[in-house]
Amino acid sequence: MQSEPYVKNYLSEHYGSDAYRTLEGYADAGGFAGIKKALSLPPDEVTELVKASGLRGRGGAGFATGLKWSFMPKTAERMKVIVANGDESEPGSFKDRMIMERGPFQVLEGILIGAWAMGAKRSFLYVRGEYGESIRALQAAVEELRAKKYLGKACFGKKGFEHDIIVHCGAGAYICGEETGLLESLEGKKGQPRKKPPFPAQHGAFGLPTTVNNVETFAHVPFILERGVEWFRQRGTEKSPGTTLFGVSGHVERPGLFELPLGTPLREVLGMAGGVRGGRRLKGVMPGGLSMPILPPSELDVGLAEELLVPKGTHLGTGGVMVMDETTCMVRVACVTSYFFRDESCGQCTQCREGTGWVHKLCERIERGRGTAEDLALLDDVPSLMEGQTICAFADAAAWPIQGLLKHFRADFQAHIDEKKCPFSESFEL
Amino acid sequence: MPKLTIDGREFQVAEGRTILQAIDDLGLLMAGVDIPHYCWHPKLSIDGSCRLCQVEVEGMPKLQIACNTPVTDGMKVHTANERVAKARRGVMELLLINHPLDCPICDQAGECKLQDYAFDYGVAGARTKEPRRPAKKSVELGPTIVFDQERCILCRRCVRFCQEVPKTGELGVFGRGDESLLETFPGKPLDNPYSMNVADICPVGALTTRDFRFKIRVWFLDDVESICNQCARGCNISASRSNNKIYRFVPRRNDAVNETWMCDHGRMSYKLNGQGRLAHARVDGKPSSAYAAAQRAGELARQIRAAGGRIVGVASPFASNEELEAFRDFLAELGAGPARFAVPRGESDEILVEAEKAPNANGCRALGMTETNDSLGHADLAFVLGHTTHAAAFADVRRVVLIDSHESALSARADVVIPARTFLEKLGHFTNGDGIVQRFDPVVEPAFEALSEREALDEIRKSAVSAAAREPG
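These protein sequence lines map, in sequence, to chains A and B. Its first residue numbered 0, the first sequence is counted upward by one per residue in numbering that gives the first Met the number 0. Its first residue numbered 0, the second sequence is counted upward by one per residue in numbering that gives the first Met the number 0.
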């Protein structure tokens with residue numbers, strides 16, 4: 000793992016420094032200015048600032064963070080809870096890992112600002128179980144905050160600002176990155192998303208009013224408080240301000256993380272990653288992790304921001320840019336993708352449980368050269384039975400990439416059926 | 000009260016209800032307003048997973064599940080347009096791709112929601128040629144329930160039932176995605192006093208009761224409305240009969256009494272109707288016709304009354320209100336005192352089972368009868384309905400006339416025994432523990448000559464009175 004992104008900006012400026020992972024080093028680099036600013040303001044004003052900044056959630060859905068915070072009940076009848084989502088389970092996404100490992104105090108400071116703004120007494124930081132180093136870094140950071148009394152009955156010496164943060168280790172399921180699947184898992188139950196209503200702001204973790212934000216979302220918050228809304232909005236686009244850590248993977252010369260303003264054209268991001276490896280031709284790019292529809296090479300000039308990608312039929316997702324060159328069999332991609340979603344579907348909703356399996360069987364049959372024109376027609380239709388009809392967005396995430404692959408690379412599918420074999424390679428194991 | 004419009008029809012519904020709940024409250028669900036559903040059950044928590052009840056709600060871009068969408072005032076819902084129909088077809092198709100389609104050998108056929116909705120909303124042909132999910136056949140989940148895992152559509156009604164009603168939680172869904180399977184937890188069989196309800200709420204043929212499984216095709220059964228007589232709850236039941244034989248009891252919904260449940264003990268009590276029956280009238284231990292026995296009883300009454308002897312009446316909390324009233328009048332006519340009765344008692348629970356193990360103790364009380372287990376003391380003649388009073392209480396009673404359906408210690412010593420109909424063989428009413436009067440209808444005919452208590456009493460009275468009229472002086 001890199002210790003810092005290839006291209007840095009405000010978030011990752013100090014990621015190369017090991018000292019930044021300690022409370023002292025973080026403070027020396029200007030840390031805690033955001034929470035101190037926040038504590039000088041009434042809580043509602045902090046939420047208003049975050050609203051005004053236009054910060055959008057970095058977990059995949061891109062929901063307005065300040066608006067989400069404002070959904071929390073204003074009264075203190077029931078304890079309010081914050082959950083930071085560090086489950087990062089989207090294939091192609093590896094940004095949260097670096098943020099948690101290299102900038103743990105950014106996340107914790109962001110959580111504390113949120114805690115002040117929303118009046119939350121407890122936070123749970125749900126970290127992907129495989130991320131041992133993230134868990135260690137965050138746990139050590141939480142202990143330093145406690146020792147320094149930045150956490151406790153009166154955080155930062157502020158009377159009445161009581162807060163504690165609990166680092167919780169996930170156990171390895173994609174669906175536990177979905178906010179209510181995460182809440183179930185946090186409560187010790189099987190990780191299955193909850194039906195809505197009720198929404199987490201009314202009935203979240205342990206039945207308490209809860210706000211769930213991605214860890215990167217929290218990491219941006221201290222900068223907004225410290226440097227101001229104007230400063231934040233100078234980066235990124237009008238509708239998607241700020242930077243994000245784009246994770247570029249696949250067939251590029253230099254895969255890795257790049258902190259760039261939202262809206263940066265895909266072509267530029269690819270250039271920074273050294274272009275397609277070995278001088279080969281580009282075949283397609285999934286711009287936002289495995290669950291987002293693929294883009295063909297003709298769309299390289301699109302800016303990587305949600306509002307710019309939607310007209311192209313895809314989404315920013317988690318900003319995990321997956322690059323595929325001309326040697327890639329798109330049926331294989333469909334096969335592997337559908338295998339993943341079949342394996343990870345929680346199994347509650349009919350369409351998702353049954354549809355993911357069916358789609359995978361169709362993809363695998365076509366890839367192995369046994370597919371027929373009817374199979375292809377079914378593959379056109381079955382994903383449409385799944386999308387938009389389930390408790391959570393998982394079924395969409397399973398349907399969209401298949402629809403995208405069929406839309407842009409239908410010739411690959413047809414070739415498998417016509418030639419009765421995969422034109423790209425002999426055999427493969429899942 | 001919010002106004003809800005469904006397919007152009009307006010309804011006033013209660014506050015704070017979801018669309019399905021509101022329609023169910025009005026008694027119109029699948030009875031005027033058809034919103035098909037699997038996972039939703041009126042008496043269980045909302046699951047929202049089967050996705051069959053999707054409807055279009057004006058102002059909401061996506062289809063919404065009717066089970067979990069709260070009604071707001073002025074909400075307009077469409078249940079029958081092409082968009083909704085397409086979603087339903089999709090759900091039905093996906094539910095069936097892993098279903099064995101073994102209706103010809105499935106016990107649920109004929110009362111299967113998968114069949115019903117496939118007929119209404121499914122497609123005739125299958126587009127899938129994939130092999131079905133491997134799953135187990137005929138798994139004995141516990142002493143009462145057999146599970147055909149391959150038929151399960153994972154609606155989790157049974158899981159929620161075990162968690163929420165008996166609170167025993169024996170069932171869970173294990174695995175993920177299309178490898179999800181319903182199972183019991185290791186080493187914990189499905190064994191609770193309400194276990195057989197899971198077979199009722201299973202919308203498909205996955206959960207069946209060991210007792211009813213493979214006994215008869217359900218389309219040969221008629222359901223007759225009746226009341227369980229095993230305790231003072233008076234659970235509403237349907238007694239299923241064919242060829243004058245009862246095959247099962249299943250609970251019938253009554254929100255004021257048993258919601259949609261009944262206990263396993265009550266459910267299995269249908270077997271009692273055929274066991275240990277008092278099939279022949281007897282006079283002094285010798286077989287007789289029922290009418291001759293009634294005449295003999297009348298004669299005894301006349302003689303003992305003429306001799307100034309003491310006549311007592313012992314009623315039964317298993318008798319109907321009609322019979323109890325007739326018995327009261329009968330005793331009054333004979334100059335006997337008010338009847339007494341005894342109630343068998345046992346364990347109760349917080350769900351349905353009451354400590355009073357009889358259906359109509361409140362009916363006895365309402366007629367001024369006295370509950371006691373004491374000895375009857377000295378009497379010359381006792382008229383007895385049923386055998387709930389301990390036989391020892393009759394130690395000092397000279398003559399006993401018993402009208403009863405089942406053999407007992409008392410029937411062995413009674414001088415006159417008249418076979419009676421059980422509650423499944425006649426019409427009547429019970430008053431349950433909460434004072435609710437409930438009707439039961441005749442389900443089967445006894446296979447031998449039996450009288451209802453009322454008929455028997457009438458015969459006895461006629462004999463006693465007409466004989467008395469012939470008595471000189």
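Just so you know, these hints were derived from the structure itself, not from any lab. Where is the CB? At the ideal position from N, CA and C, for every residue including glycine. Certain hints may be false.
[As the list claims (entries may be wrong)] Facing chain B, a subset of chain A residues (Cβ under 8 angstroms, in silico):
no., residue
1, 196
2, 355
3, 356
4, 357
5, 388
6, 420
7, 424
[What the hints assert, rightly or not] Per the computed footprint, the stretches of chain B lying under chain A, defined by three or more beta-carbons under 8 angstroms from a beta-carbon of chain A, are:
no., region
8, 81-90
9, 94-107
10, 140-149
11, 174-180
12, 433-445
[Said to hold, decoys possible] The list that follows gives simulated cross-link-like pairs (lysine-lysine, DSBU-like), each with its CA atoms no further than 30 angstroms apart:
no., chain 1, residue 1, chain 2, residue 2
13, B, 285, A, 194
14, B, 244, A, 194
15, B, 166, A, 195
16, A, 188, A, 35
17, A, 195, B, 42
18, B, 128, A, 419
19, B, 112, B, 166
20, A, 7, A, 73
21, B, 75, A, 188
22, B, 75, A, 194
Evaluated hints:
About 7 angstroms separates the beta-carbon of residue 196 (chain A) from the nearest beta-carbon of chain B, less than 8 angstroms, and the hint is met. The criterion of a C-beta within 8 angstroms of any C-beta in chain B is met by residue 355 (chain A), whose closest approach is roughly 6 angstroms, and the hint holds. Evaluation of the residue 356 (chain A) hint against chain B yields a held restraint, the C-beta minimum of about 3 angstroms falling below 8 angstroms. Here the hint on residue 357 (chain A) is kept, as its CB sits about 6 angstroms from the closest CB of chain B, short of 8 angstroms.
Using the Cβ-Cβ criterion of 8 angstroms, the hint placing residue 388 (chain A) at the interface with chain B is satisfied: the shortest such distance is roughly 6 angstroms. Checking residue 420 (chain A) against chain B: minimum C-beta separation of about 20 angstroms lies over 8 angstroms; hint violated. For the restraint placing residue 424 (chain A) at the interface with chain B, the shortest Cβ-Cβ distance is roughly 25 angstroms, beyond the 8 angstroms limit, so the hint is violated. Coverage of the region 81-90 of chain B by chain A holds [criterion: at least 3 residues with CB-CB distance below 8 angstroms; count 3].
Check result for the region 94-107 of chain B against chain A: holds, 3 residues qualifying (beta carbon to beta carbon below 8 angstroms, three or more required). Note: the region 140-149 of chain B has 0 residues with beta-carbon separation from chain A under 8 angstroms; the three-residue rule is not met and the coverage is violated. Given a C-beta distance limit of less than 8 angstroms, the hint that chain A covers the region 174-180 of chain B holds, as 6 residues qualify and 3 suffice. For the region 433-445 of chain B, the proposed coverage by chain A is not satisfied: 0 residues have a C-beta within less than 8 angstroms of a C-beta in that chain, short of the threshold of three.
For the hint pairing residue 285 (chain B) with residue 194 (chain A), the CA-to-CA distance comes to about 70 angstroms; that exceeds 30 angstroms, so the pair is violated. Of the pairs offered as hints, the one joining residue 244 (chain B) and residue 194 (chain A) is violated, with about 46 angstroms between alpha carbons and a cut-off of 30 angstroms exceeded. Distance restraint check for residue 166 (chain B) and residue 195 (chain A): the Cα-Cα separation of roughly 25 angstroms lies within the 30 angstroms cut-off, and the hinted pair is therefore satisfied. Between residue 188 (chain A) and residue 35 (chain A) the CA atoms are separated by roughly 37 angstroms; this puts the pair beyond 30 angstroms, and the hint is violated.
Straight-line distance between C-alpha atoms of residue 195 (chain A) and residue 42 (chain B) comes to about 20 angstroms, which keeps the hinted pair within the 30 angstroms bound. Between residue 128 (chain B) and residue 419 (chain A), the direct Cα distance comes to roughly 18 angstroms. Compliance with the 30 angstroms bound is thereby established for this hinted pair. Among the hinted pairs, residue 112 (chain B) with residue 166 (chain B) is consistent with the structure: their alpha-carbon atoms are about 26 angstroms apart, no more than 30 angstroms. Using a Cα cut-off of 30 angstroms, the hinted pair residue 7 (chain A) and residue 73 (chain A) is violated, with the two alpha carbons roughly 38 angstroms apart.
For the hint linking residue 75 (chain B) to residue 188 (chain A), the alpha-carbon distance of about 36 angstroms lies beyond 30 angstroms, and the restraint is violated. A C-alpha spacing of about 22 angstroms is found between residue 75 (chain B) and residue 194 (chain A), which places the hinted pair at or below 30 angstroms, so the restraint holds.
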